[in-house]
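Q: Residue numbers (this note's numbering), protein chains in the order written: chain V, 1 to 627; chain E, 1 to 122; chain U, 1 to 173.
No lab work stands behind these hints, which were simulated from the structure alone. Some clues are possibly wrong.
Stated by the list, open to error - Think about it this way: if two alpha-carbon atoms lie no more than 30 angstroms apart in a straight line, the pair counts; the simulated DSS-like pairs of lysine-lysine are: (1) K417(V) / K209(V); (2) K508(V) / K34(U); (3) K548(V) / K579(V); (4) K384(V) / K81(E); (5) K384(V) / K64(E); (6) K29(E) / K127(U); (7) K116(V) / K27(V); (8) K528(V) / K541(V); (9) K148(U) / K34(U); (10) K96(U) / K590(V); (11) K384(V) / K163(U); (12) K127(U) / K27(U); (13) K45(U) / K587(V); (14) K173(U) / K34(E); (15) K508(V) / K587(V); (16) K81(E) / K45(U); (17) K587(V) / K81(E); (18) K116(E) / K394(V); (19) K39(U) / K96(U).
To be verified - Residues of chain U placed beyond 10 angstroms of chain V at every Cβ, according to the derived structure: (20) L14; (21) I23; (22) S90; (23) V165.
Idealized CB from N, CA, C, for every residue including glycine.
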Amino acid sequence: MLANQIGYYSLILGVLFSLLLCGVSIKDLNSSSKQINQNILSLSFLQLVLVIVSFLSLILSFINSDFSNETVFNNSHTTKPLFYKISGTWGNHEGSLLLWLLVLTLFIFIFLIKSKKQPKKYKLLTLLFQEIIIIGFFLFVIVTSNPFNYLFPIPAEGLGLNPILQDPALAIHPPILYLGYVGSSIIFSASLAAVTQNYISKEWGQHIKKWVLVSWIFLSIGIMLGSIWAYYELGWGGFWFWDPVENVSLMPWLTLTALLHCILVLEKRGALTSWVVILSITTFTLSMCGTFLVRSGILNSVHTFANDPARGIFILIFLFILIFLSLGVFFLFHQENDKSTNNFFWLSKESSILVNNWFMMYFLSVVLIGTVYPIFLDVISAEKISVGPPFYQKLITPFLVPFLLFMALGPKIKWIKSKLENKNSLIIFVITSVILTFFILKNITTDLLFYTILISAAFFLLFTTSRELFFQKFNNISQAIAHFGFSLFILSILFNGILSSEIITNIKVGETYNYNDGEIFFEKIEEKNKSNFNSIIGHFKITNDEGKVTKLNPEIRVYNQPIIITSEADIKTTLLEDKFLVMNIVKGNKYFNIRYQVKPFMLWIWISVLIISLGGLMSLFKKKYEK
Amino acid sequence: MKTLKIFLIICLLASFSQLKSDEKNTQLKNSILKNIRCLICQGQSVFDSESDFAFSIKLIVNKKINEGMSEEKIYEFLREKYGDWVIYDPELNKNTYILWLLPLLLFLAGGAIIRKNLIFKK
Amino acid sequence: MKNKINIIIIFISLIFCFIIFYIGLDKPNTYTPKTNTEKNLPIFKAKDFTLNSYINSEEIFEENIYYIVNIWASWCIPCRKEHPLLMELSNDQLIKLIGLNYRDNLNNAKKFINELGNPYTQILIDKDGTLAVEFGAYGVPETFLIDKNKKIIKKFAGPINKKIVEEIKIIIK
Numbered sequence: 001m002l003a004n005q006i007g008y009y010s011l012i013l014g015v016l017f018s019l020l021l022c023g024v025s026i027k028d029l030n031s032s033s034k035q036i037n038q039n040i041l042s043l044s045f046l047q048l049v050l051v052i053v054s055f056l057s058l059i060l061s062f063i064n065s066d067f068s069n070e071t072v073f074n075n076s077h078t079t080k081p082l083f084y085k086i087s088g089t090w091g092n093h094e095g096s097l098l099l100w101l102l103v104l105t106l107f108i109f110i111f112l113i114k115s116k117k118q119p120k121k122y123k124l125l126t127l128l129f130q131e132i133i134i135i136g137f138f139l140f141v142i143v144t145s146n147p148f149n150y151l152f153p154i155p156a157e158g159l160g161l162n163p164i165l166q167d168p169a170l171a172i173h174p175p176i177l178y179l180g181y182v183g184s185s186i187i188f189s190a191s192l193a194a195v196t197q198n199y200i201s202k203e204w205g206q207h208i209k210k211w212v213l214v215s216w217i218f219l220s221i222g223i224m225l226g227s228i229w230a231y232y233e234l235g236w237g238g239f240w241f242w243d244p245v246e247n248v249s250l251m252p253w254l255t256l257t258a259l260l261h262c263i264l265v266l267e268k269r270g271a272l273t274s275w276v277v278i279l280s281i282t283t284f285t286l287s288m289c290g291t292f293l294v295r296s297g298i299l300n301s302v303h304t305f306a307n308d309p310a311r312g313i314f315i316l317i318f319l320f321i322l323i324f325l326s327l328g329v330f331f332l333f334h335q336e337n338d339k340s341t342n343n344f345f346w347l348s349k350e351s352s353i354l355v356n357n358w359f360m361m362y363f364l365s366v367v368l369i370g371t372v373y374p375i376f377l378d379v380i381s382a383e384k385i386s387v388g389p390p391f392y393q394k395l396i397t398p399f400l401v402p403f404l405l406f407m408a409l410g411p412k413i414k415w416i417k418s419k420l421e422n423k424n425s426l427i428i429f430v431i432t433s434v435i436l437t438f439f440i441l442k443n444i445t446t447d448l449l450f451y452t453i454l455i456s457a458a459f460f461l462l463f464t465t466s467r468e469l470f471f472q473k474f475n476n477i478s479q480a481i482a483h484f485g486f487s488l489f490i491l492s493i494l495f496n497g498i499l500s501s502e503i504i505t506n507i508k509v510g511e512t513y514n515y516n517d518g519e520i521f522f523e524k525i526e527e528k529n530k531s532n533f534n535s536i537i538g539h540f541k542i543t544n545d546e547g548k549v550t551k552l553n554p555e556i557r558v559y560n561q562p563i564i565i566t567s568e569a570d571i572k573t574t575l576l577e578d579k580f581l582v583m584n585i586v587k588g589n590k591y592f593n594i595r596y597q598v599k600p601f602m603l604w605i606w607i608s609v610l611i612i613s614l615g616g617l618m619s620l621f622k623k624k625y626e627k
Numbered sequence: 001m002k003t004l005k006i007f008l009i010i011c012l013l014a015s016f017s018q019l020k021s022d023e024k025n026t027q028l029k030n031s032i033l034k035n036i037r038c039l040i041c042q043g044q045s046v047f048d049s050e051s052d053f054a055f056s057i058k059l060i061v062n063k064k065i066n067e068g069m070s071e072e073k074i075y076e077f078l079r080e081k082y083g084d085w086v087i088y089d090p091e092l093n094k095n096t097y098i099l100w101l102l103p104l105l106l107f108l109a110g111g112a113i114i115r116k117n118l119i120f121k122k
Numbered sequence: 001m002k003n004k005i006n007i008i009i010i011f012i013s014l015i016f017c018f019i020i021f022y023i024g025l026d027k028p029n030t031y032t033p034k035t036n037t038e039k040n041l042p043i044f045k046a047k048d049f050t051l052n053s054y055i056n057s058e059e060i061f062e063e064n065i066y067y068i069v070n071i072w073a074s075w076c077i078p079c080r081k082e083h084p085l086l087m088e089l090s091n092d093q094l095i096k097l098i099g100l101n102y103r104d105n106l107n108n109a110k111k112f113i114n115e116l117g118n119p120y121t122q123i124l125i126d127k128d129g130t131l132a133v134e135f136g137a138y139g140v141p142e143t144f145l146i147d148k149n150k151k152i153i154k155k156f157a158g159p160i161n162k163k164i165v166e167e168i169k170i171i172i173k
C-alpha cells in the first residue's frame with residue numbers, strides 16, 4: 001500500500017523535476033559558461049532515480065501481491081511463481097510504460113555523462129528534446145495509464161497473468177527490446193539538437209555512432225528474443241508471422257540499420273547529412289508509431305495490449321506533435337552542404353551505401369504499407385482485408401537476391417572512386433555458389449529455379465564474407481562478421497523452410513503411427529500438479545528410419561486463474577535440427593491430436609542473429625584496439 | 001499368369017501415384033489452410049486453430065481438393081461466403097492495387113532519384 | 001520553390017494520415033463478415049432430424065413464403081435464450097423456420113427440442129459444421145432470413161432479440 005503511494009508520488013515528482021530540468025537547461029543555453037551547469041547533471045540523475053523508485057515500487061507491489069493496486073490485481077495472482085510476478089510488472093500496459101520512462105531517463109543521463117567533450121549547446125538541446133518526450137510520457141502515464149490506481153475494497157485474489165506470458169524469454173524480451181527502440185529516442189533528440197547547431201559533421205557522426213550501435217544491438221537481440229518466445233511458446237513451430245506487433249518492431253530496425261550505414265558515410269566523408277537526420281527522426285517516429293498501433297486497439301493481433309481508444313488518441317496526438325516538431329526543425333535548420341558532396345561516383349562505397357538505403361527503404365515501405373493499409377482501406381471504403389505472410393514474402397523475397405549481391409560487393413568497393421578488384425575470384429565464387437546450390441537443391445525441392453537463384457546469392461555472400469574473415473587481414477572485421485551473420489541467417493531460414501517436414505495425426509495411448517521416415521509411439525500419459533496449473537504430459541517415442549530414438553514429452557496445461565488451457569511443445573534442439581512435438585486434446589474422446597515437425601537448422605537462425613549483433617558489438621569497441 | 005503380373009504392377013503403380021498425389025494433396029491442403037484466417041480465434045490461421053469453425057473449414061477444403069477444385073477457386077468460394085478478410089493473401093483487385101503497387105512504385109522512384117545523383121563519367 | 005512544394009505535400013499527407021488513424025480508432029478491430037449483401041441460397045443435401053434420410057434443399061425451401069434458417073446446438077447457451085423468440089416467430093403464418101443442428105449429439109439435441117419446444121418445420125443435421133459454412137456462418141447461434149426469391153436477405157450473428165424479431169416481422173409483411 002505504501003509502495004503504491006511512493007510509486008505514484010515519485011511519478012508526480014518526476015514530471016515536476018523534468019519541468020525544472022527544462023527550465024534550468026533553457027537558462028543555461030543563454031549563459032556564457034563553457035560547460036553545462038552541474039545542477040543539470042544532478043537533476044537528470046534525480047529524474048532517473050524517481051523513475052527507478054516508481055518502477056521498484058510497482059515491482060514490490062507485484063511481489064507482495066498487493067491487490068489494492070489495480071494493475072497488480074489485473075495482472076497477477078498469489079500462486080504465480082516469484083520470477084513471473086516480477087516480470088509481470090512490465091508484461092502489461094501500465095508497467096511497460098514505466099519501462100519506457102526508465103529507458104528514456106536512463107539514456108539521457110548516460111548521454112550527459114558520456115558526452116563531456118561535446119559542445120554545450122548541443123548537449124542542452126539534446127536534453128530539451130528528450131525532455132519533451134519524457135514529459136509527454138509522464139503525462140501519458142499519470143493521466144491515462146496510472147499503474148498505481150487504488151482499489152477498494154481490496155480484492156482477495158488477482159485476475160492472473162496470461163500463462164502464455166509466463167516464459168523466461170518473454171520476461172526479458174521487453175527490457176531488451178525497449179533498450180533498443182526506446183533507446184533510439186536519444187538518437188532522435190541528438191540529431192534534432194545537432195541540426196539546429198549545424199553540427200551534422202564527421203565529428204558528430206563519430207560521436208553518435210556509439211548510440212546507434214547500442215540501440216541497434218539491443219533491438220536486434222530483442223526482436224530475436226521475441227521470435228524465440230513465439231517459437232517455443234506458441235506451439236505452431238513458426239517464429240515470424242508478419243503480425244502487426246512483429247512488423248512494428250522490425251520497422252525501426254530497418255531504418256536503424258540504414259542509419260548505421262549512413263553514419264559510416266557521414267563519419268568518413270561528411271556526406272548524406274539529410275539522410276542521417278531523416279533516418280534518425282524516422283526510427284524513433286516508427287517506435288512511437290508502433291506504440292500507437294499496438295496499444296490503441298486499432299489493429300487486430302494476437303499480442304496487442306489492453307485496447308483503449310482514449311489512450312490511443314493521446315499517443316496519436318503525441319506522435320504527430322513529435323513528427324511535426326522534428327520535421328519543422330529539420331526544414332527550418334537543416335543546411336544542405338555544397339550540392340556536389342552528395343553526388344557520388346557510381347562505383348564507390350558511398351553509392352553502394354546509397355543503394356543499401358534504397359533497398360532498406362523499399363523493405364520498410366513493404367512492411368509499413370502492409371501493416372497500415374487495412375486501416376486506411378477500412379476507414380476510406382469500409383472494406384476489410386487481411387494482409388498476411390504471402391504479401392510480405394512475395395514482395396520481399398525477389399528483392400533479396402540483388403540485395404545479397406550488393407551486400408557482398410559493397411564492402412569491397414573503395415571510397416570515392418573504385419574499380420572492382422579481384423574480379424576473377426568473384427566470378428569463381430558466383431559459379432561455385434550456383435553449382436553447389438543446384439546440386440543441393442535438385443533432389444529436395446520442386447521450385448528449383450527460384451530457390452537456386454536465391455540460395456546461390458546467399459552462398460555468394462557467405463563465400464565473400466568468409467574470405468574476408470578467414471583469409472584476409474582484419475581491416476574491417478565487424479562489418480565482415482555482421483554480413484557473414486546475415487548470409488547465415490538467410491541460408492538458415494531458406495533451408496529450414498525447404499527441408500522442414502510436418503506430420504499431423506490423431507493418436508491414442510499405446511498406439512503407434514507409421515509415416516514415411518519412421519514411427520511415433522504414444523507410450524503413456526502422466527499427470528502433474530503445480531502451483532498454478534495441472535498438467536497432462538504425453539510421453540512419445542519417435543524412431544526414425546535409421547533406428548534413432550527421440551523421446552518427446554509435450555504437455556497440456558490447465559491453468560487455474562484465469563482458466564486457460566495451453567499446449568506446451570517439447571522441442572529437442574541440436575545443431576543440425578529441431579524436433580518439435582505438440583499435443584492437443586480432441587474434443588470428447590481418448591484421442592490426442594499431435595503435430596510433429598522436424599525443422600533443420602533452427603538453432604542457426606538464432607546463432608546467426610547473435611553473430612550479426614556480435615559484428616555490431618565489435619564495432620562498438622573498435623576504437624579500443626585500432627590505432 | 002502374365003496378365004496377373006501386369007495387373008498387379010499396374011495396381012502397385014496406381015497406388016504409388018495415389019500416394020504421391022495424396023502427399024501432394026496434403027501439401028496443397030496444408031498450404032491452403034495456412035492461408036485462411038480463423039474467424040473465431042482471429043489471430044490464427046485455420047491450419048493452427050482448434051475451433052469448430054476451423055474444423056469445418058478443414059473438412060470443406062479437403063472435400064473440394066478431392067473434387068478437383070483449384071486453389072484459386074477454393075479461395076473464391078471462401079471469399080464469397082466470408083469476405084476478403086478471411087484469406088491472408090490479399091488478391092489483386094480494385095481494393096488492393098495501391099497495396100501491391102505502391103511499394104514497387106516507391107522502389108522505382110527511389111532508383112530514379114539515386115540515378116540522378118550518381119556520376120557516371122570518369 | 002521546389003522545397004516549399006515538397007513541404008506542403010508532406011504536411012498535407014501527414015494531416016491525412018492523422019485523420020485516418022483518428023477515425024480508425026473508433027472502428028472495431030475484430031472482424032465480422034458483412035451482413036448486408038444479398039446472397040443466393042446454397043444448394044445442398046442434408047439429413048433430416050427425425051426422418052434420418054437425406055433431403056434436397058430445393059424440397060426444403062419449396063414454398064413461396066419467407067424462410068428462416070436458424071443454426072443452433074444443445075450445447076450453446078445463447079441458443080436457449082433466443083429459443084422463446086423463435087417459438088414466437090413460428091406462430092406467424094407468413095414464415096417457416098428451418099433449424100440447422102450444428103456439431104451436436106442427436107440425443108442431446110432431441111432433449112433440447114422436447115424441453116423447449118419445436119419452432120421448426122424441419123430440422124437438418126449438420127454434424128461436421130460444413131453445412132453452416134455453405135451459409136457463410138461461423139458460429140452458433142446464427143439466423144438467416146430468406147425471401148420468396150430464395151435469396152438470403154438478412155443475416156444475424158449471435159442470438160436474436162426482440163428488436164430483430166420486430167425487424168423480421170416488418171419485412172415479411
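Q: Now tell me, hint by hint, if it's right for this structure.
A: Do the hints match the structure? See the list:
no., hint, in the structure
1, K417(V) / K209(V), "holds, 24 angstroms"
2, K508(V) / K34(U), "violated, 41 angstroms"
3, K548(V) / K579(V), "holds, 13 angstroms"
4, K384(V) / K81(E), "holds, 14 angstroms"
5, K384(V) / K64(E), "holds, 26 angstroms"
6, K29(E) / K127(U), "holds, 22 angstroms"
7, K116(V) / K27(V), "holds, 19 angstroms"
8, K528(V) / K541(V), "holds, 20 angstroms"
9, K148(U) / K34(U), "holds, 22 angstroms"
10, K96(U) / K590(V), "violated, 41 angstroms"
11, K384(V) / K163(U), "holds, 27 angstroms"
12, K127(U) / K27(U), "violated, 35 angstroms"
13, K45(U) / K587(V), "holds, 26 angstroms"
14, K173(U) / K34(E), "violated, 45 angstroms"
15, K508(V) / K587(V), "holds, 13 angstroms"
16, K81(E) / K45(U), "holds, 18 angstroms"
17, K587(V) / K81(E), "holds, 26 angstroms"
18, K116(E) / K394(V), "holds, 29 angstroms"
19, K39(U) / K96(U), "holds, 19 angstroms"
20, L14, "violated, 6 angstroms"
21, I23, "violated, 5 angstroms"
22, S90, "holds, 31 angstroms"
23, V165, "holds, 27 angstroms"
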